[in-house]
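**Student:** Chains as they are written, first to last, in this note's numbering: chain A, 146 to 476; chain B, 146 to 476; chain C, 146 to 476.
No lab work stands behind these hints, which were simulated from the structure alone. This structure is a prediction, so every number in the text was calculated from the model and none was measured. We treat Cβ as the ideally placed atom computed from N, Cα and C, and that holds for glycine.
From the structure, some residues in chain B lie toward chain C, with a derived Cβ separation under 7 Å:
1. G150
2. A206
3. V209
4. H279
5. E296
6. G297
7. A334
8. N335
9. D355
10. Q375
11. D387
12. G392
13. Q393
14. P446
15. I459
16. L462
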Amino acid sequence: MRVAGITQAQPGDVTFVANARYLPQLAATRASAVIVGRTNGVETRPGCALLYTDDPYSAFARAVALFAPAAAPAHGVDPLASISPDAAIGADASIGPFVTNGAGAAIGARTAVYPSVVVGAGAQVGDDCIIHPHVSIRERVVIGNRVTLHEGVVVGSDGFGFARQKDGTHLKIPQRADVVIEDDVEIGANSTIDRPAVGETRIGAGTKIDNLVHVAHGVTVGRRVLLAAQVGIAGSTTIEDDVMMAGQTGVTGHVRVGRGAVVGAKSAVLQSVDPGAFVTGHPAIPHAAWRRASMLFRRLPSFRKRVEALEQRIAELEEKLAAWQGPPTDR
Amino acid sequence: MRVAGITQAQPGDVTFVANARYLPQLAATRASAVIVGRTNGVETRPGCALLYTDDPYSAFARAVALFAPAAAPAHGVDPLASISPDAAIGADASIGPFVTNGAGAAIGARTAVYPSVVVGAGAQVGDDCIIHPHVSIRERVVIGNRVTLHEGVVVGSDGFGFARQKDGTHLKIPQRADVVIEDDVEIGANSTIDRPAVGETRIGAGTKIDNLVHVAHGVTVGRRVLLAAQVGIAGSTTIEDDVMMAGQTGVTGHVRVGRGAVVGAKSAVLQSVDPGAFVTGHPAIPHAAWRRASMLFRRLPSFRKRVEALEQRIAELEEKLAAWQGPPTDR
Amino acid sequence: MRVAGITQAQPGDVTFVANARYLPQLAATRASAVIVGRTNGVETRPGCALLYTDDPYSAFARAVALFAPAAAPAHGVDPLASISPDAAIGADASIGPFVTNGAGAAIGARTAVYPSVVVGAGAQVGDDCIIHPHVSIRERVVIGNRVTLHEGVVVGSDGFGFARQKDGTHLKIPQRADVVIEDDVEIGANSTIDRPAVGETRIGAGTKIDNLVHVAHGVTVGRRVLLAAQVGIAGSTTIEDDVMMAGQTGVTGHVRVGRGAVVGAKSAVLQSVDPGAFVTGHPAIPHAAWRRASMLFRRLPSFRKRVEALEQRIAELEEKLAAWQGPPTDR
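Looking at chain A on its own, in the form it has when it is part of the complex:
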């Protein structure tokens, strides 16, 4: 018995339909049970139980957790880890081989630190976190409870700050200030969160960040924000609560994306966005306007022809009227 996709499910499996586009495949599934929405209007079928719910996607999430539990690593500190004598390791924490814990670093209770993670001096990781292999947590970074950092995540690397000198060289602005990752945040593989020179970089509680995302120095990301893969946020920008950004979007520095705003895929946000707005494009404009303009973009060659034809026709009219020297009036 396992939870399986609608096309892969075998007898004995449970599957689900959350996205209406997959409803037609329901007739052919071999699953023994299907989680469906109450409003989907699915008809019963012999040999397949229907599990009605208001929220099939959430029910599916719970079913997966039930039938395919995660294997927890063994408690305790692996003998091949390098732990500073004054590092604090919480109860029932798990520290894998080749982990480095700097001076004064604190790991919370029940937190799992997988192999080859590096925790800098004075960093704090909360309780019940999952820190996957090859994560780098730089000195003095603060990480809350129930945070998941995927493989290769970097938290607290230097922000990209330089002062141009008269000879054209770039003087480094030391980046020594704080990074705070609040509770219940998840950050995807190989994403990077920079620290600023002053102030802080902060990722709000419950925010979820996908793979290969760049969050620059001094950025504030609010709570429950979703940042899809390969998004980049430039320095000192604020992303308010409940914002959603689709993949490969970029936001310029020193702007604000308002609460609950949505940014479409591969957009370039070059100025602040109002709360609740839905913007797309490069530069990002209201989504509906972008969509209409995009449909017309490919028709630019026909526009050119139509304008040329108009120019030709109007020239002919003008010529005709000029030849005629004006209408017969009593002027």
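Fit chains B and C to the known structure of chain A by using the hints.
**Tutor:** Relative to chain A, chains B and C alone:
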């Protein structure tokens, strides 16, 4: 004696011309031998041998392999590796220092696992693979034969799947299903391949993926596909065999890019693409149409002026005719 | 006493204003001293010292270095490092735990190599470098003095070079040539610099590269160049001295971006750029032209309506004149 670029080559070196744009530099090369295509019409020159071939690029590839062989790491398991007692290590495999092999993980014959790689419990790596430093292979991932994973690659990290709750928080959908990397695949540095909640993520045989590429959960990539750097493929999308995607392209979720299709650089593929099609742009449209429209985009200000001029001229004509009160007819 | 942002500063702190947009916040700061430009026209205020300078940003950089000095790691080789017997470690260098140094690799004087770094055989790292955790430096790579490589950086991974065979498979072109990182370069977290088959990849002195940047095989990046986050440069392209590229920009292969050119955010540079030019867009065109055209893009629907209206009006005029059968002339 070595293989060198056409401008760097010294006497004693062999060089090559595969790209016709470099043909003019042939006259000045100091190389002692040049690999050229039979159809290039290159004239002989004293002191420089011409090596004719139907496929200069492939001949060049073989010459490099001949003159600059890769140094193989020493066989055996480094004493500083952490290998689970029940992990299986194939004959003549090489396991570097600080490698972690989880319980039940299997490494194939003659496979080289470089330092600081982490192989999760139950993962399988085939024969003759090259696993570069800092690669993460998560639990139960299956990797075929002759696969190369470059530095920092992550295979099997959790897909970005959450169910939004009524209070605005995001419930994690556990991502516990399979990832399969078939034979002869190469994946570039710091690219990430996610695992899905159900079903599988699969990279087909012979596919080559460049650096910093994101392949989301449940994606199927076919055989002999080329994905250039910084491409991102969203969840549950299918990329069929022999597709080529240029750099920084993104593909939305739940669509299909047909066999042999080509996607131009930095495109946003927002719907399915027909087999054999060549598309570009944001959103991606047929390449020729994108190219024509792009040339006109920068002329939008002149279009505006032309439309304004037309509006002015037609208003003058209308005024003239209105003043005249209509032509003299027998109506 | 510390250096703080203008809104976070407390009594006893020093803050700064380099960007004129933050001048209005100066009245409300609680800082005890403010670094300002001589030309900012800031008025004095009781309890707050004004530190005038020609270049507030550089003065700020020096103040941060003064008040928040970096903690240097302990000198010497950690007993948990794996150092080849013939590797050369410079005076007062620091080698952290779980570092691998290949045969013949050389680490310069006073260079800090943080935990879990892998240095390949024959690689050379200069003096006074900072190599952060999880960096991979491949075999024979040459790195100058005072270079900083952030977490997860990969230098010398194989370029993406394959020769398509008649059966559709891709033959690997072995990538065995050189990578040189000159003095005073800084490379951001998880960025990747590939090595070519022949010739070299080179990053010029004083160049600064942000996070998640991809530099392909055979690329030459000049001196004092700035590449912002998530930029990608395709193979064999040359970026001349003093170029600046904003985030998420891509440059195609085999082109040249001229000295001092600036490329706007998220651009796609598809052909060579003149020295000193400022280009933006996809494809990149002169920035001013892109800006004007972008403003009009969203107005395409209104253009369509205007063209349709013109077509209607001109048809009415034509009809009117046709009905009249021509003007009364003595022709």
